[in-house]
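Asks: Spelled out, the chains give:
Number of protein chains: 2
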Amino acid sequence: MKWVYSFGSLICEGDASHRNLLGGKGANLAEMARIGLPVPPGFTISTEVCSYYYDNGHAYPEALTSQVEAALKQIEAETGRSFANPDNPLLLSVRSGARASMPGMMDTVLNLGLNDEVAAGLANASGDARFAYDSYRRFIQMYGDVVLDVDHGLFEDLLEDMKMRLNVFQDTDLGAEDLQALVAQYLQLVEDETGNPFPQDPMTQLWGAVGAVFASWMNQRAITYRRLNDIPAEWGTAVNVQAMVFGNLGDDCATGVAFTRDPATGAKIFYGEYLINAQGEDVVAGIRTPQPLTKAARLAAGSTEPSLEEVMPDVFAELDRVRGVLEAHYRDMQDLEFTIQQNKLYMLQTRNGKRTAEAALNIAVDMAEEGLITTSEAVLKVDAEALDQLLHPTLDPNAEKHVLVRGLPASPGAANGEICLTADKAEKLAADGKRVILVRLETSPEDIHGMHAAAGILTARGGMTSHAAVVARGMGRPCVSGAGELRIDSNEGKVYLGNTTYTEGDIITLDGSTGEVYAGTVATVQPELSGAFATLMGWADAERRMRVRANAETPLDAKTAREFGAEGIGLCRTEHMFFDTDRIVAMREMIMAADTAGRTAALDKLLPYQRQDFAELFTIMAGLPVTIRLLDPPLHEFLPHGEAELAEVAASAGIPLEAARARMLRLEESNPMLGHRGCRLAITYPEICAMQARAIFEAASEVAAKEQPVLPEIMVPLAGTSREIAICRKIIEDVAADVAEKTGITIAYQIGTMVELPRAALCADELAQQAEFFSFGTNDLTQTTLGISRDDAGNFMEAYQDQNIYPTDPFVSIDVDGVGKLVEMGAAGGRKVRGDIKLGICGEHGGDPKSVAFCETVGLDYVSCSPFRVPIARLAAAQAHIRQKADS
Amino acid sequence: MKWVYSFGSLICEGDASHRNLLGGKGANLAEMARIGLPVPPGFTISTEVCSYYYDNGHAYPEALTSQVEAALKQIEAETGRSFANPDNPLLLSVRSGARASMPGMMDTVLNLGLNDEVAAGLANASGDARFAYDSYRRFIQMYGDVVLDVDHGLFEDLLEDMKMRLNVFQDTDLGAEDLQALVAQYLQLVEDETGNPFPQDPMTQLWGAVGAVFASWMNQRAITYRRLNDIPAEWGTAVNVQAMVFGNLGDDCATGVAFTRDPATGAKIFYGEYLINAQGEDVVAGIRTPQPLTKAARLAAGSTEPSLEEVMPDVFAELDRVRGVLEAHYRDMQDLEFTIQQNKLYMLQTRNGKRTAEAALNIAVDMAEEGLITTSEAVLKVDAEALDQLLHPTLDPNAEKHVLVRGLPASPGAANGEICLTADKAEKLAADGKRVILVRLETSPEDIHGMHAAAGILTARGGMTSHAAVVARGMGRPCVSGAGELRIDSNEGKVYLGNTTYTEGDIITLDGSTGEVYAGTVATVQPELSGAFATLMGWADAERRMRVRANAETPLDAKTAREFGAEGIGLCRTEHMFFDTDRIVAMREMIMAADTAGRTAALDKLLPYQRQDFAELFTIMAGLPVTIRLLDPPLHEFLPHGEAELAEVAASAGIPLEAARARMLRLEESNPMLGHRGCRLAITYPEICAMQARAIFEAASEVAAKEQPVLPEIMVPLAGTSREIAICRKIIEDVAADVAEKTGITIAYQIGTMVELPRAALCADELAQQAEFFSFGTNDLTQTTLGISRDDAGNFMEAYQDQNIYPTDPFVSIDVDGVGKLVEMGAAGGRKVRGDIKLGICGEHGGDPKSVAFCETVGLDYVSCSPFRVPIARLAAAQAHIRQKADS
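Quick mapping for you: the protein sequence lines, in order, are chains A and B. Here the first sequence stands for residues -3 to 884, where the numbers follow the numbering used here. Here the second sequence stands for residues -3 to 884, where the numbers follow the numbering used here.
Okay, chain A solo, but in the shape it has when bound (with noise of 0.2 Å):
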């Protein structure tokens, strides 16, 4: 078994195609020596290394030792050093690098085979004692700290110390002398701290920061890291080992890291910074200021002190050359690490650059348009999650901001305007043509109407899964909950942010993106959505095979929705539409009605509302198919929370107090999640259902009978089975013939399901007898399969996040062994009774890309998700279709 891979001149084991096996940075220097870039020689120990050590009880393989002698022999070989010789010694930087960049873990220790003797013959070898025991007292410090875990501060206080003795105020002020002098009390440091001599023997040493690296991969951050960045624990890091090339052995030498192209706008400009005669932590440590690589950017930038370019032309066009070929090479934007050693340049690393959603976008359409990729390879290129940051407003960069107090980023953008403390006002005042923000305790279903007529949302509690978060992030608005320092007196229409106090009316403004609420009018700046996005969404486009639909019920998000490219409604949630301050009454009237005919006489009042609803909803979608869902949520969740409202109902609805408070009892549920709701309303009060087929036909004939095309697809909610889909095919069938018949319009459409039960999806042939669509609705069949409620998650799902249980939320991105079992064996039942059977997926996991992956692996005809969602989904579409053409 090979355990250990050699890169450099004379042999090279590994190349860029073995990342998983020797980690991004392995792979990758393998690769730059491979392809005759100047590479200081290494080795790299494979993943698989650290998958047996974890697996072995922190072991070795027995054939690591003699695998790693036998690399280090290579090194020798090819620089001429021999390790632990203080003859003419070889030094080593160890380096972790995992699969995915990872930072969270050790990062580097350099100069390690230094010990006194070694130091010593260094000193005389290389004639400056001065980098001998500077070098040495780097590595004390860096192989303390993360090897042996003595606190680095302690070297700092000794080093301070030292300065402050001597009245001096640089590293570099310091003398050969002094710096043995510090050696000898980092040395004796160590021993205090730890109570054992520091390791003189290179091997010991060497063999102490390979265990580090691995050791790392499990600390906490690291843990936290891969949770967040959904990098498996399984994967594991690669050690690298490499000689060491010295940037700070004089005038002649440097050290520096580049982008090919500029990271943050995407620019073709050579983007990078270096430090004369340093090494490469120095760049990152901040002690000196590193200087542009280029004139221009100097000259951009105002300084004085000289660009690479200029002070080193020859090297710089060297390293200029280096960028070419590898961009070429690797066909992406590369983040480099150089050094120079006496005028020699030596690439230490070379990854596909970190950029911003606009760098990224830039920098896949310029590329395809330079041909340097195809379009396809450019649509791969864009993160399509990323993209969210591009779709929403932004505080202007360029703004003053005060922050009064921070929260969660419960849905990204910024938008300011007047604090609102009831969603009535805010709906009020945005007819008005006011900007508002609604500020609450935390949001209702109640207070549906005045977020949308907010510009964004500032709640005191709740999470990122909590209803306004939910519902904010559905409708775009900038929302920012859960913040803990925000207090509220109504009475007085107060609001405490930290220790401001502020007025209904007074202004302010809320990143949504970040979780930062600022005083007063903060600039945002509107996203731009032409140019490259325009480009790369076209591009997109014409390889998608999925259509990209929006959830949307209100005239305006379809208007949004239409904008960013929805090819039709696959999710109208006809509930939202009950919250509006006239509706709600009659809404109420109808659920504390004793009878039948009491709740058909309040239906009568909601019916005009709801057919004019419809009516703009088709006409603005044109033709493209509108699915409207049938009444879903439990009726209790209309009802009102306080006593004073619910006399109010009582009163409205006619009937004593007493039995309003009887009939509300009654509605309430246990589990209302798994309650009276979905179908089931129609089932057990199927005039509810009749009312809205009745909403729907006629809006669809209006709209029709103005020569308009209209295409409603209904939905059934919640159905675990095809009776309840034919009783309610029933209603809506009579309810059509009927208005055809007064109308004389005969309207085409279809009535399908929502496939979120895991029983509808286990029955889905049977289902499909009833049902021409399926639209998996997989927030719901995630509560179901999972047995987890997704309110009631939070108590628990960090924690299940922490220890790999469920490595990303499932609620975010779909659960592709459980959930997504139940949307195949859906789709397969489906196909297997009705061969033409459409079928979608609406619910959050429609806008998120990996989500939209598995629904391309599925075959699901169209995604439908919230509209500021939509260009992510057409993204992520086509990116899923090409990755499924390529593998197939």
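What the hints contain is simulated information worked out from the structure, not anything from laboratory work. Some hints here could point you the wrong way.
All copies of an identical chain are treated as equivalent in the list; a pair is satisfied when it fits inside any one copy or across any two copies.
As the list claims (entries may be wrong) - Straight line, CA to CA, 30 Å or less: simulated DSS-like cross-link-like pairs of lysine-lysine: (1) Lys490 to Lys430; (2) Lys846 to Lys817; (3) Lys430 to Lys702; (4) Lys397 to Lys430; (5) Lys555 to Lys421; (6) Lys817 to Lys828; (7) Lys817 to Lys834; (8) Lys421 to Lys397; (9) Lys726 to Lys828; (10) Lys702 to Lys834; (11) Lys738 to Lys264.
Once you have looked at the hints, place chain B on chain A.
Replies: Frame of chain A; chain B shown alone:
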């Protein structure tokens, strides 16, 4: 297509195997004719006509008319009489006859074919005008009632008026002319009520009666009956048309009903009644009192009226011969109808006789011992569900009783005791040796110790699946729930039962099988589990493949379970152990604790209790497997509801009331069913899992140290991933190792999981890597798969059953198509990875015969149910295995 099947001595087209096609009655008439018994000739219109009728808008198949006419000719040929011919009239009976016997449908029209002219002819032909007009007036009344929907009371009124006018008391006192006059009044009544003259055309009469039978298939009573008895609407009914024979042509005529054995006790005696000179309807009408068939029965009843055996010894002998023939032929106890016309016996019906559970048991055992059937057949003959009647104490049938109020029969059995209003007091009184009836508005988990201590439970609120009902059934305690006329005044210690006021300590009796509550002590009778019961259960056990375990957590339950033949504990719900007065305090301290240390301190107090619980269970179960489920319910279930109690909790936990309230609020959940429970508790609070594991292993060691075998199986609840089980497994194994080290005793044990989430079943292969056994928790699996909260289903489940969406309550019998598919997938997935994985089911389905049969098809290893249902499960498992073998 053949729609009509003749039977008689000349031609007989059906037999008993045609039950689905001809209905039970029709098939058995054909069968009797076929084996040479005297059956009046006739024909059956098949159930397929009924299906056709409903599938085609109440139209008949075209060929039906000619087939009926041909079959009618056949009756005429055999009887030598002629339909609609006044000179020698053939009269007909028309009866419905579904596949299963079905009250609620149209029953019978007799004497069909009579009109003014035929009645006059019949008077001539029979020489008995009174008989002719009596027959005619009966026919008009029957036909008017069941076919023409004329209120039968109106006919009775006319009859009574006439008797009053003539000053006579018996119908038989009316003469031919009186009856002729009555006929005229009846005809006028029908015309007045329906607006049409009574149909004089016999063929019109026949088709009217046939149509009425088919129509009655869909009347509300029939629909309700089908729902209650799980009869699919698709089955349809047949119509039997048969030549009339007359038991009312003189004193050499009679009619009667009989059972081949005593249907109440199963005793092998000829049991039945007859009336001289009467039509069949008179036997059931109760106008004349029927007499016993046999002399022995007459003597036993102390009657002086002669028995059939005495008055018509020859005919009786023939009937007794027929009794033997039929029992030998059908190999089951038969329920017969017969008519004797002028000393000739005619058989009008035979069917398997309905019987009490006791009779079923005795008949099955007797017949097997007589060699009439095999022991396997005997096992199949007893309805497993009906055994329930025999397993609980019942009210002494001879005791006097006075009903106070009625509620729902929530848990079977009878009990008496003193009224007690709180669980704590109930526990205390029971400990003092008192018999207690716990009377509550409703019960909650806090009451469990009191429910356990009580002899019976009575609640004012709650349905058949309320907390009280479910827990009481599980414990085998009689329970009457939802007694609307029960009011409780806790302050005064008063209970109002209807109009009677009781004080705590007063004695009442309740019958959980009927829902009735009685004044004072009504004597109860203990069930008899020896004799035929023991014999049959022995045969059943010999036929059974699946093991039967019990759900039990207390020593009493465990003992009961073993007495009823349980072969282990399949579900020990540890949370029930925490509600005892002295434990709940520590439990609440644990919940209120701010950190792990606080929780551990409180758990240390619970440890000795749990250890003792388990030690007792292990001792009682004596080496049989004991499956212990880790803590399952959300923690808020252990917190009190009242403010005063919360203050106590705060005080005992040593935290401010505000902090306790805050903690309680934080624990509240929107959907507790899908919340922070099951193994999610063990993952977030590993110390709870560790305490329980320690209690298990310390108890097991303690018992094992006494040389007694122990077999603990530790069950991880609500797992959806293998990782959850792995985390719990690690905690458990560590504790096991620690206890083994400290005690020097190593206990063999298994770790498995409850499969109660759809994801667990879908990913069973993954879970089986960590689980040595699966127990399908189909209660929760039904809730999640169907998305139906058991607690909230009340608002729609009845409508769902009425509308045939879920014909059977899926919480009573497993939903085979949905939940069953998951069980199958789970079993297959588990076996794929772990060939010898042990598979069982716990929860209420484990005691439901239909669900047990399903478990047999999946090949589960055991079912587990509440102790009182263990015999039911044993019998059901045997029946399922016998049927399974027969099918394969």
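Asks: Each hint should be assessed against the structure and marked as holding or not.
Replies: Hint check results:
no., hint, result
1, Lys490 to Lys430, "within (19 Å within a copy, 62 Å between copies)"
2, Lys846 to Lys817, "both (15 Å within a copy, 29 Å between copies)"
3, Lys430 to Lys702, "neither (34 Å within a copy, 82 Å between copies)"
4, Lys397 to Lys430, "within (22 Å within a copy, 76 Å between copies)"
5, Lys555 to Lys421, "within (24 Å within a copy, 66 Å between copies)"
6, Lys817 to Lys828, "both (16 Å within a copy, 17 Å between copies)"
7, Lys817 to Lys834, "both (18 Å within a copy, 25 Å between copies)"
8, Lys421 to Lys397, "within (27 Å within a copy, 66 Å between copies)"
9, Lys726 to Lys828, "within (24 Å within a copy, 44 Å between copies)"
10, Lys702 to Lys834, "within (28 Å within a copy, 67 Å between copies)"
11, Lys738 to Lys264, "neither (65 Å within a copy, 70 Å between copies)"
Checked against the numbered hints above, the structure violates hints 3 and 11; every other hint is satisfied.
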